[in-house]
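Chains A and B, in that order, give the protein sequences. Residue numbers for the first sequence follow this note's numbering, beginning at 1406 and rising by one. Residue numbers for the second sequence follow this note's numbering, beginning at 498 and rising by one.
FYI, nobody ran anything at the bench for these hints, they're computed from the structure. Everything numeric in this text was worked out from a predicted model, so none of it was measured.
Residues of chain B clear of chain A, computed beta-carbon distances all greater than 12 Å: (1) 550; (2) 551; (3) 562; (4) 632; (5) 658; (6) 715; (7) 716.
If you only want the chain B side, here are some residues facing chain A, beta carbon under 8 Å, derived: (8) 515; (9) 602; (10) 754.
Just so you know, even glycine gets a beta-carbon here, dropped at the ideal spot from N, CA and C.
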Amino acid sequence: MASLASPRQPGDLTGWTRWANTHRKWLFAAPAMTFVGALIIFPLAWTVYLSLTDAEGSVRAESEFIGFANYLEVLSDTDRFWPAVLRTVGFTGVALLFEIVIGMAVALLLWRPFRGERWVRVAILLPLVATPVAVGMMWRLIFDPNIGMANQILGWVGIGPQPWLAGQHSALPTTIFIDIWQWTPMVVLILLAGLTALSNEPDEAARVDGANAWQRFRHVTLPLLMPTVIVAILLRGIDALKTFDILYATKGRGGGSFHEVETLNVYAYGLSFDYNEYGISSTVLIIFFLIIIGSMWALTSRRKKGAL
Amino acid sequence: MARRKRRTPYQVFRAVALAVVVVSLVAPLLWMVAASFKTNVDIYDSGKAFAFTPVLENYTKVLDQANYLQFIGNSLWVAFAATVLSLILGVPAAYSMSRFNMRRSALVVLMARVIPGVSLLVPWYYVFSNLRLVGGFTVLILSHMFVSLPLVVYILMGFFDGLPEELEESGQVDGLTPIGAFRRITLPLSAPGIATAGILSFIFSWNNFMFALVLSGADTKTLPVAIFDFVGYASIDWGGLMAASTVVTLPIMLIALFVQKYVVSGLTAGATKG
Chain A
1406 MASLASPRQP GDLTGWTRWA NTHRKWLFAA PAMTFVGALI IFPLAWTVYL SLTDAEGSVR
1466 AESEFIGFAN YLEVLSDTDR FWPAVLRTVG FTGVALLFEI VIGMAVALLL WRPFRGERWV
1526 RVAILLPLVA TPVAVGMMWR LIFDPNIGMA NQILGWVGIG PQPWLAGQHS ALPTTIFIDI
1586 WQWTPMVVLI LLAGLTALSN EPDEAARVDG ANAWQRFRHV TLPLLMPTVI VAILLRGIDA
1646 LKTFDILYAT KGRGGGSFHE VETLNVYAYG LSFDYNEYGI SSTVLIIFFL IIIGSMWALT
1706 SRRKKGAL
Chain B
498 MARRKRRTPY QVFRAVALAV VVVSLVAPLL WMVAASFKTN VDIYDSGKAF AFTPVLENYT
558 KVLDQANYLQ FIGNSLWVAF AATVLSLILG VPAAYSMSRF NMRRSALVVL MARVIPGVSL
618 LVPWYYVFSN LRLVGGFTVL ILSHMFVSLP LVVYILMGFF DGLPEELEES GQVDGLTPIG
678 AFRRITLPLS APGIATAGIL SFIFSWNNFM FALVLSGADT KTLPVAIFDF VGYASIDWGG
738 LMAASTVVTL PIMLIALFVQ KYVVSGLTAG ATKG
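Make a model of the complete structure from these sequences and hints.
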């Protein structure tokens, strides 16, 4: 009877069942890995290759290998490329800053249970699951300089009408505002999950020692919550860098007629699908990809060193 | 809960602050829905901002003339198929990656979250246009799986990490094969995790815009792309546009509210592991 007491092993089986059970690790993982390999690794390799060629026009046209010429051209382009880099970094930096600060404040307010909590949670979920393109259209109406509610509200408090999305300098800040409206709830949910997982004891101990609310937050809660804050920055930062839908919905192709909201993603999209400049576009994308990976790496390595 | 006799200043502050948060999150959405029931004349009249006679003409326009019923069907089909296929591929993969600690393989799948979608679209467009698939459902569903599969793997890996291995071992003691133990013990226990992953995958696929913008055809357009039919070069049909936006986003918001618990656990999956 001793043999029945030990778990059944693949070795006890025969034929196909035995093979499947012995190799289940790869049998289970292989379909997904193949899919990812075919749809991601191969296209990525192709993008690297295209960035070294002069591919343009039709996707079927002949192209020549030109080495790093595209990279030289892109990196010396102060007309479209570098402004797009600045907009991408600025958009992400400003949006992240507001989303983390406001998100932290709201998460702290929601931390302890209270009556009516359910309704606040419903309100927080709505922007998160709303379709970004529809959100863009919604704000486009609200921010319309002539008929929008935003200027009407400003009028009530005696401030003159603003151009919002239509202004050459106000368009980017307005899209940042939309991003903050839609995605601060994401930060709230993540930080709230982190806060809920914290033990109450350190906070209580600090309270007994006479620390005030700000001191307890600054020296007890925040350091304990820091890993979750980093996760929120990482997840939100990656998506903010790649923002496309609301920019396209509010300003259309090329980020508006003066490219006022043209980020790297919008620029690369336009190069590929409006101008068919596949070589240049791939170069922009590789640089963009390196920027994303670089900032992720910087963030996670600082965290490992304990600097954050 | 016992009724409090007096509110502390903090409680008053919290109530006011959260009221501001709720209003600023919900009011714009209500404004969109309200505008979808206004005539274009009323939308242009600031005197009718709140006092207007609701009309259904924008919705009849969207559903009858703009062919939205077909686009709703397209969106449903693409999101449903991408979700089911992602679960079929993703559930066993997440299980293997969790049980056998395949962190490097997992990282490859999660790369999909980091890569800018545009860089995949050019090669896809090249390959699929040679196969004459651009504009069809196959390529749309495949492209949406690029978003949903990593999501499924990410959420379920965390879920499987939390399931004790002892349960499967006891099943094997009772005569199940390792795969049998996965099918009869782990899979049923994972129902909440699979539901979470499926719901999130459906929402993200429904909301996806960029892939359908490039890869869909006139007959396979999904809703986020179809919205742009109401944006002309010279003028915008605001009433129609707001009705279209409401049709796209209201159903998904209502679904999310019904399954709020799953949506929240999916969105915050892995957030607290650090």
